[in-house]
Structures are given as C-alpha cells and as structure tokens.
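J.: This is what each chain is made of:
There are 2 protein chains.
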Amino acid sequence: MDKQLRLNAFITNSAVHLSPGLWRHPRDRALGHGRLPFWQDLARLLERGLFDALFIADAIGVSNVYGDSQDMSIRYGLRVPRHDPFLVIPAMAAVTEHLGYGVTGTLSYEPPFLFARRMSSLDHLTEGRAGWNIVTGHLAAGARAMGRDAMTGHDRRYDIADEYMDVVYALWEGSWEDDAVRRDRATGIYADPAKVHRVRHEGETYRVDSIHMVEPSPQRTPVLFQAGASARGRQFAATHAECVFLSAMTKDGMAPVVADIRARAAERGRDPREILCLALMTAIVAPTDELARAKLTEYRSFINLEASLASLSGFTGIDLSKHAPDDPFPNVKQDSGVHSIVDSLSRANDGRRLTVRDVAELGAIGGSGPLIVGSPAKVADELQAWARTADVDGFNLSYATCPGDFEDFIAMVVPELQARGVYKRAYAPGTFREKLYGGGRSRIAASHPAARFRRDGAGSGDPGR
Amino acid sequence: MDKQLRLNAFITNSAVHLSPGLWRHPRDRALGHGRLPFWQDLARLLERGLFDALFIADAIGVSNVYGDSQDMSIRYGLRVPRHDPFLVIPAMAAVTEHLGYGVTGTLSYEPPFLFARRMSSLDHLTEGRAGWNIVTGHLAAGARAMGRDAMTGHDRRYDIADEYMDVVYALWEGSWEDDAVRRDRATGIYADPAKVHRVRHEGETYRVDSIHMVEPSPQRTPVLFQAGASARGRQFAATHAECVFLSAMTKDGMAPVVADIRARAAERGRDPREILCLALMTAIVAPTDELARAKLTEYRSFINLEASLASLSGFTGIDLSKHAPDDPFPNVKQDSGVHSIVDSLSRANDGRRLTVRDVAELGAIGGSGPLIVGSPAKVADELQAWARTADVDGFNLSYATCPGDFEDFIAMVVPELQARGVYKRAYAPGTFREKLYGGGRSRIAASHPAARFRRDGAGSGDPGR
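Protein chains in written order, with our numbering: chain A, 181 to 645; chain B, 181 to 645.
Check the hints yourself; a few may be wrong.
Unchecked claim - Here are the simulated SDA-like cross-link-like pairs (lysine to any residue), alpha carbons at most 20 angstroms apart as the crow flies: (1) B:K183 / B:A411; (2) B:K604 / B:E227; (3) B:K558 / B:G619; (4) A:K375 / B:G247; (5) B:K558 / B:R533; (6) A:K502 / A:E541; (7) A:K431 / A:R442; (8) B:K375 / A:R224; (9) B:K604 / B:G619; (10) A:K604 / A:D248; (11) B:K375 / A:G247; (12) B:K375 / A:D248; (13) A:K558 / A:M592; (14) A:K375 / B:G619; (15) A:K375 / B:D251; (16) B:K558 / B:G229; (17) A:K431 / A:A565; (18) B:K431 / B:A591.
What the hints contain is simulated information worked out from the structure, not anything from laboratory work.
All of these numbers come straight from a predicted model, not from anything done at the bench.
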C-alpha cells in the first residue's frame, strides 16, 4: 500500500516568500499579511483541505548578499518587511480545530527561558497544535542586526543549538511533573511545590536557574521540525527533528539525503520511519496539462530577473550580481549549509550544468524546490513518484500565488489523492503529534533526547538537572 | 465639567493576579487563562463596556521572597504559572473592533531588535490598538532565571531602559520613512530603498545595525505605559510614558504623586494634561451598599492569610514570613521601587500604623490598590472623588473574580457614569492613540522623545542614527 501523504503549507510573514513579483497577481493576497483576515482565511482554507499544518518560515535580518546591499531586497520586498511569525497563530487557532501550526524560532537570538515560555503558551492556546522549526539563522545581516560582529560559524551554531535544546527540553519536560498541578478548589492548593523543579543549567553559552513558567501543555515539547542540509545539519536533524524539511530539484537527488537522515536517526536509537521527511514542492494545477502550462506562463509574466537573482542570492549566500546571466551557475563549498540547495539547482535537468539565468528562471517560482505543472492526475502521479523514489512522507507546499494555488490544490489535487487512497478523508483526533503518530502519542517519543529530561513516565529522568 | 474617565481592565496571564484564592469562586474563569475562549469572551465583554483597554501585567520569574522560597507561590498559584502576554492579544483583536491592548514587555530580558519587531507586528495585527507597558523586571528570581547572578540595581535598570528606548524609537520612528512603501503593482517595486534607513546603535548595553523589519504600523510607536513609583521611576515615566499606572490606598496619598509626574513632564516640554494617570482600583458593586458588602464578605471566604502574605511579599520584596501577624507592617527604604506601595499600604486608614495582618487583609483583594464596595452610585461617587482629588484621568480596574466583577461593573457602574456625563457612550474612531488624544493623533506627540528619531514630519530628525 502506498503511504499516506502529509501536507504542510509553507509560507512566511511577508508579501514575498519564494516567488518574487507574484504579490502583484490578482489571486495573491499576501500584501495583507500584516492583518488578521489574511491568516484566518488561509487557516480555514487549509483545514478544509485537511492539511496537516501551516508552516511559517522566518529569518532575522534582511539579506544583503546581492550586490553587497540590502537595496534589492527592499526594492522587491524579498522577505522584507518580515513580521513576527508567532503572533498570527493564536488568531488562526481560534477559527480552526485541527490544523497544526509550525513556527520558526531562531534560537541564536531568542533567550531560551523566554522562548520556552512562549512556545508552551502557544501549545496551550492551540490546545496541542504547536510545532517549532528549529533554525540557527542563516543571514549575516541578522547577526549584525542583533549586535554581533559576525555570524557564528556554521558547525559551531549547531553545537550551540544542541545546548539550547537541552535547556528548553529541561524546561518543557523536566520542570513540572505530570501530577504537579492540583487546582484543588476545596483546599485552595494550585500546585504541589514538591513536584515542580528548578532547571539549573550552566553551560558554555546558556545559563538558566528557574522553574518553567508554564504548567505542562498538551504536548509539552512542541512537534520539532528542522531543515538540516549540511552534514552537521543532518546530524542535528537526526538527533532532534521529528519532521525534516528537505529541498532538492529532483527525486533522485533527494533519495540519498532521506536515506542518510533515516540512517543517522537509527544510529541514535530512533525509529527511522518516524522521522517524517517533507519535500519542498510547488504545484501549479489546472483541469488539464495545457491549462496548467498556460497558468504557469501567465504567472511567469509577473517575475523579473533581477528580483529572482536577488532572492536566490539570499538563500544561497552567493552574490549573483557578480556573475553574468550566461555564466555557469557557481559552485559553493561542499559542506556549507546551502550546498545542497546550490547543488540541486545547478544540477537539475539531467546533470547538465545550468547558467545563472537558467537557475534564476528555475527558482523564480517556488525557490529551490521543484515545480510540478499539470492536471490533478499528473500532479498526483508526480507526488506519489516522489514518495516512492525519494522515500519522503509528504510535502512542504509552496505557491506562486497565495491563497490561489492552495485553493486550486485543495479543489483538484486533494480529491485525486483521496481517490487514490493516499490522503486522509478526515482528521485524526487529538494533538498535532497524535495526528502525526497516532492516539496517545501527544508527548515526544521515549527514544527522543528530550525524554531524558523527564522526571516520571517513560523517560529515564535526569535528576541532576 | 468633570473629566471623562478612562478605564483599563488589569489582568495577568495567570489564574491569580491580585486576589489570591478567588480562582475558586464560581464567577471566576481565570483557570481558563491558558486557552483562547477565556480571552476572547473577556475582550468582547470589555468592548461592550466601552473600556479603553485590556491590560496584561507580566513579570519574568517566580517570586521567592516569602520564606526565601518559591514554594508558597507555586502552592497558591501566585502569578505562576504565568504565560506569555503577547500571544493572546491577536485572538482578542480578531473579535473586537475598538478595545485597546496593553501588554507588558520586560525590556531587561527582551532583545530590542526582536522586541521592536514583535510590537510593530502587533500594532499591524490590531490595526493600531497596541500599547506597551514598559517594565524593567522587579523579581530577583527573574534575573536568575535569565542566567544572571543578580538583578541589576534599581536606578541602573532605568539608565539601561533609557538606552533601550532610544533603540526601539529609532527602529519604530526612524527606519522607514512614511512614503517608503510603494506596493506599486505596475512596476513591481515594493519599497524605495533610499527611504529605508539602517539604525546603527552602539551604546553601553545595546548594539543594533539593521533596518527595522516591519514597515510603519498605524501608530509606529505603540501607546506607552509605565508604572514609575520611585523618584527615578517617575523621572522615566515623565520622560517616556503617555499613560502612567499608579497605586495608592488613598486619594490624598495619590494626589502629590500625580502632581509630581505632571510637573516632571512639563519640565521636559511635554503637555502635563496629556500624561494620562490611571489609578489601580477594585470595585465590588451590587444594587445596594448592603448587597455589595455581602458580596465582599462572600469573596473574603475564599482568601487565606498565608496566600495573601506570600502574594504581598512578592510585590513589596519584604519577606512577611519573618514578621508575626500582629507586628507593625515593616518599612522599606524611601527610594526603593516599592516604597510607595508599602507606604501606601501601611499608612492607609488615616495614618494609623497597620499590622502585618491588617495589611494582608487589606491587600487580599486587589493588592496594593483600594477597594470600593457599594452601590453603583457609591462607586461612581468615589471614582469621581478620586478624579477630582487625586487628579487622575481614570482607573486601572482590578477584580476579585474575573470576569464576574467586570460584568457587574459594566452592567451597573458604566451606565451610572454615562448618566453623569463622565464616560463615553460610544468609542471614538481610529487607533488606540487617537481614542486617547483625538483624531489625527495616531503617531506619538512631537514633544515626545521618540519624535526626535523621525526622518520627516514634525520631529527634528536625527540623521546620525
């Protein structure tokens, strides 16, 4: 039996995410991202389409890679302005019952004690539908915005991230025992102080000495997402992530990455099938292949080369203003965080080396993820082929127009996938984690490193914390 | 003509705020503070009552003053758990049109670049209804939670706060010019880079080097609240605050504080009448004085001495476990931040020195603010007397039960105040700041220090920033 496909909608709190210029399209409402109706309407739509989650990307700072200046980012609105990704979620949770919410939190800049409180508050408010996309920040401009001289080195950022995770796990899993809260109206006892523990962490980068300020939320630790691309990133993902975001332009290019992450997870004692791998994907769907191609052509009339180059420069860290459009797309260091993006972009098309212009056109809609263009049957075929060949569990769906492409996907592709028996016909009950892993699985798996911090239940406990 | 009274509802994201034990009362729903219905229902109620704002207090850390331990705070749920105050606001904004939202942000612990982004995002989402209560943090336990050895000294905290304000003002007022955003569908230009300026701040405590990540929100700088009690705190309030929260047990005790703050504001070139002073107040109202007294008696059956003492210890910083209930209430240093609270508590009742037990009973409902108990006419009389004698502009209303006491206030006192011509019968149009100061006043006054950072318009500009 083919596996059930998971679907995330992938968005950021900006007018532009991965498809610069499309904010001008009549079917795009992302200019309204600053206000609530855009978000509440989108959440209702995605819940009608039985999407697993809405996912909000984020980064601190404004890319100034292209031409060594932020000007083109500002000119074309390339993920700037970018608003806070947390605040829109409770208003969406209020008008939905099942949709999960993944939010990006940049741990390099968020004090862990306050961040853990905010995330636990969100898990309460969403009644157990919170997820966290763990990022360390990829923009040098973000480091300077935050008052640092330069960005911490790539691998060192992940070492710091490992320590950060220990702090937040201790707060989420180890501070309040399951039966600490009494709320006893007869005696007036709210909680039993003997069952609420101070987290004392004194590490290389972080210090915390306090109980967690929020009593246990439905999931305690939110569902953990990560997008590890480099070797060190994959190691981090295999250790911490429950869902992994991946991008590659071809399914054959993605297959070894998925296999590697599952193998690394197994080495760490985790069930490799439970690492849910989601591929970045944009689908342009219409009743027929021909109509879909016409739609793409119309979408392409909204893009421009400079905006696409500046946008890709931000993702890859390569200043594409220094390369002529007909030059071959440049290489980057094998182990940099963006290597897989560049490699995938530049090697698409059966390995033929692409030019800067080719890549800009390829990435102009949907960024570093592939584009499927066609009828509902063709899109479903291709998604299923990805699931089989690359062994992914589902897709992180981007768009050319929002909500336009989500509306079309839900109207046309979702019924096709349901007819093929690879997409749910109703939500499973329970929290976000229960929807992903089954009833009774609200809390993180016992094999996950967060479980070490538990005081009771399945984990081993770590009374030294 | 008597002045129009302003009303804030004063709450925190906990089961207990200023009236420990009352969470057990059938008319209290604050146990539901973790989820959205509690907040959305409260916001709808307050908007029906034409309240100016809902105000969410906050502090980082758990008080361990009483008995040198956090145990009684946890046992009685004394502002612990305390959840994030920002996240509940957008869901309330979605179901209201006029109500303002004041949120407490502890600047000592929030990186200013991210905090400024969050606040601007909130002002967009609420369509110009955001306010910020500026606090530096008063709990030593909060400093330890955040990894510091000890709390920064009181006056030094305010010096740091002055620098913090310069950073966030520069981001809010000085980064994006009013006409920077184009959103030009024809050309694809989102914004003009020449009109978006990097904020470069290199100070004693903070460093920032970036444009602001959010385009100008309806108010740019949110409406600024502060609760300065010490001399240094009043100086800060007179410099930065548009609304000041004050607490004193008597109107005669409050009068000189209000006069002092207005005088300090005038010295700084600000209009002293535009510093809106709001007095902490709890009203227990019923159709007759006798019924109101009976209601208070019933409320009092839910309190206990230990919880009240531990709660007051948290506010005053005095370990009341070290004093016998019949000892005189202790003094604190004249210039400490809590002096006015202690002074006010211990000198209430016509100057007779009160015992620890007296103060605990006095503060058991409504904390360090006075309690008015009576018929709608009596409550209205007393509020008007405060406005005249103490020259306050309105009240920061606390409660014994939430939403119970707000329901009663809105049903009984609001119509009484309206009949007397001292309370609005409809909201004024516009943003929170326009509702406070009049149409066309969405942006902070030209005489306010934030206006120095403007690049255009009424401020002088500061091109060095």
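J.: Decide, hint by hint, whether the structure agrees.
T.: Structure-based check of all given hints:
Our distance criterion of 20 angstroms between C-alpha atoms is broken by K183 of chain B and A411 of chain B, whose separation comes to about 27 angstroms. Restraint check for K604 of chain B and E227 of chain B: satisfied, since their Cα atoms lie roughly 12 angstroms apart, inside the 20 angstroms limit. With a C-alpha separation of about 33 angstroms, the suggested pairing of K558 of chain B with G619 of chain B is violated against the 20 angstroms cut-off. Distance check on the hinted pair: K375 of chain A and G247 of chain B sit about 18 angstroms apart at the alpha-carbon level, within 20 angstroms; holds.
With a C-alpha separation of about 27 angstroms, the suggested pair K558 of chain B and R533 of chain B falls outside the 20 angstroms cut-off, and the hint is violated. Between K502 of chain A and E541 of chain A, the direct Cα distance comes to roughly 17 angstroms. Compliance with the 20 angstroms bound is thereby established for this hinted pair. The suggested pairing of K431 of chain A with R442 of chain A holds, with an alpha-carbon distance near 16 angstroms, which does not exceed 20 angstroms. For the suggested pair K375 of chain B and R224 of chain A, the alpha carbons sit about 37 angstroms apart, so the restraint of at most 20 angstroms is broken.
For the given pair, K604 of chain B sits about 15 angstroms from G619 of chain B by alpha-carbon distance, which is consistent with the 20 angstroms threshold. The hinted pair formed by K604 of chain A and D248 of chain A fails the criterion: a straight-line CA distance of about 47 angstroms is larger than 20 angstroms. Note on K375 of chain B and G247 of chain A: the hinted pairing holds, with a Cα-Cα distance of about 18 angstroms set against a maximum of 20 angstroms. Of the pairs offered as hints, the one joining K375 of chain B and D248 of chain A holds, with about 18 angstroms between alpha carbons and a cut-off of 20 angstroms not exceeded.
Between K558 of chain A and M592 of chain A the CA atoms are separated by roughly 11 angstroms; this keeps the pair inside 20 angstroms, and the hint holds. The suggested pairing of K375 of chain A with G619 of chain B is violated, with an alpha-carbon distance near 53 angstroms, which exceeds 20 angstroms. With a CA separation close to 10 angstroms, the supplied pair K375 of chain A and D251 of chain B stays within the 20 angstroms bound. Using a Cα cut-off of 20 angstroms, the hinted pair K558 of chain B and G229 of chain B holds, with the two alpha carbons roughly 19 angstroms apart.
For a cut-off of 20 angstroms, the pair hint linking K431 of chain A to A565 of chain A stands: about 8 angstroms separates their Cα positions. At most 20 angstroms may separate the alpha-carbon atoms for a hinted pair to count; K431 of chain B and A591 of chain B exceed this at roughly 25 angstroms.
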